[in-house]
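**Student:** Quick mapping for you: the protein sequence lines, in order, are chains A and B.
Every position in the first sequence, counted from 1, becomes a number in the numbering used here once 1 is added.
Every position in the second sequence, counted from 1, becomes a number in the numbering used here once 1 is added.
Be aware that one or more of the hints could be misleading.
Note that identical chains are pooled: a pair holds if it fits in a single copy or bridges any two copies.
[To be verified] No more than 27 Å apart at the CA atoms, straight line, and that leaves these computed lysine-lysine pairs for DSS-like: (1) K122 - K219; (2) K122 - K166; (3) K113 - K166.
Everything labelled a hint here was simulated from the structure, so no lab data went into it.
2 protein chains.
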Amino acid sequence: MEDVKFNLKNSYFSSENPVLQVALDYGYLWEAEKTARIVHEEMRGLEYICEAGTPLIKNEGLKKVIPSLRNIVGYNTKIVADLKTMDTGAFEVELAYNAGADIVSIAGVSEKETIFSALEKAREYNVSLMIDTIGVENIRGRLEWIINKIKRHNLILEYHIPIDKQTSMQDFSLIKEIYDESGIIIAAAGGLDEHIIPRVVSYGAKICVVGGAITHPKNRTSRQALREIKKKIYL
Amino acid sequence: MEDVKFNLKNSYFSSENPVLQVALDYGYLWEAEKTARIVHEEMRGLEYICEAGTPLIKNEGLKKVIPSLRNIVGYNTKIVADLKTMDTGAFEVELAYNAGADIVSIAGVSEKETIFSALEKAREYNVSLMIDTIGVENIRGRLEWIINKIKRHNLILEYHIPIDKQTSMQDFSLIKEIYDESGIIIAAAGGLDEHIIPRVVSYGAKICVVGGAITHPKNRTSRQALREIKKKIYL
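Work the whole structure out from these sequences, hints included.
**Tutor:** Here is the structure:
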């Protein structure tokens with residue numbers, strides 16, 4: 002697999018250090034905007050990614066959500082449209098691109114034709130594609146096919162433990178195996194907080210996706226949570 | 002499986018005859034509204050279902066799409082929010098319910114916890130759930146678990162061949178096997194037109210989901226296409 006290894010230096014991110022992705026997993030835009038402002042203030046001078054969550058997009062619409070978030074985070078921060086696309090891959094990438102997203106997520110479990118058409122369109126528009134592993138039974142098998150197919154496109158694997166399935170014992174160890182084998186950029190998602198982050202980073206995750214710990218914090222504010230989390234990613 | 006058989010007469014639909022579901026698979030609301038008006042006019046006096054397609058919802062948002070379509074179709078026509086939910090099942094059902102949808106689709110390939118939480122919420126709100134088979138490798142295995150779990154809830158199985166995978170040789174014969182075994186309400190989707198419809202109806206499909214043949218018709222208008230399709234469903 003050597004010849005298809007991703008070269009991070011020439012790739013999407015300006016550094017090899019891990020970055021934070023804040024998943025704005027709300028249903029309403031005003032909630033997302035409020036947290037996005039806090040996050041952007043706290044993250045001044047640091048590279049991070051702003052995620053428009055799936056329910057937020059479904060409820061409020063890409064057309065409204067992405068430009069509103071862009072107003073807050075500017076053009077130096079990438080915005081992910083977490084579409085988890087299941088069908089009409091090219092069409093959904095196009096809609097997200099038109100709305101102004103930099104990265105689009107697609108369901109890794111969708112048909113190969115869907116992933117392939119999304120990849121083609123993403124390449125055309127210079128949008129990055131994030132392959133979400135929810136529901137994928139054989140992640141390595143799927144990954145191998147994708148890497149063989151697309152070679153060096155800006156591709157991110159989102160190793161994702163669904164919110165509905167999160168427990169205190171999430172197992173992220175497959176990240177290490179996949180990273181060691183493929184060198185692909187891996188985003189770890191699923192109940193991450195300051196306690197879990199050091200582990201996924203040590204496994205090779207380059208993007209730490211944090212939702213609930215920041216958006217629905219317990220016994221602290223979003224800002225306080227973010228400050229603790231930040232310390233574990235930006236050393 | 003006898004004791005969990007669905008009784009169509011006491012169930013979602015007022016008749017045992019098949020009905021049309023028009024999938025408004027556009028990216029923009031103005032396109033969807035235009036076709037919805039034509040469909041509603043042509044379908045006067047007939048029971049049918051209006052579907053807000055996934056890309057339409059993602060681009061324009063449930064909050065805007067469902068009330069706009071309701072304005073056109075009124076309260077005697079059911080509206081499906083085709084969310085293809087992959088995570089946070091209960092939350093997405095709630096958002097769709099708040100927007101005014103009658104039926105919500107969920108990805109059959111999502112985690113059992115996601116399907117179960119969506120079902121619980123759907124039952125609470127008296128919303129019907131449509132389980133989409135995209136990406137499901139073992140449809141009968143999955144279906145058995147769901148039927149055992151939920152018994153007589155308003156459940157619809159959407160046997161779905163993704164748009165990205167459609168060819169002229171789509172195989173819908175599994176519908177017959179599933180229907181004969183379970184008696185569940187089956188919606189057939191994937192490139193349906195007036196030529197394919199008689200076959201899926203003979204297999205037992207109670208809902209014929211038609212998108213492209215009406216929304217992107219070739220060499221005829223949407224109205225002309227709908228008239229041909231109508232003849233094959235409402236005999």
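**Student:** If you test the structure against every hint from before, which numbers come out violated?
**Tutor:** none
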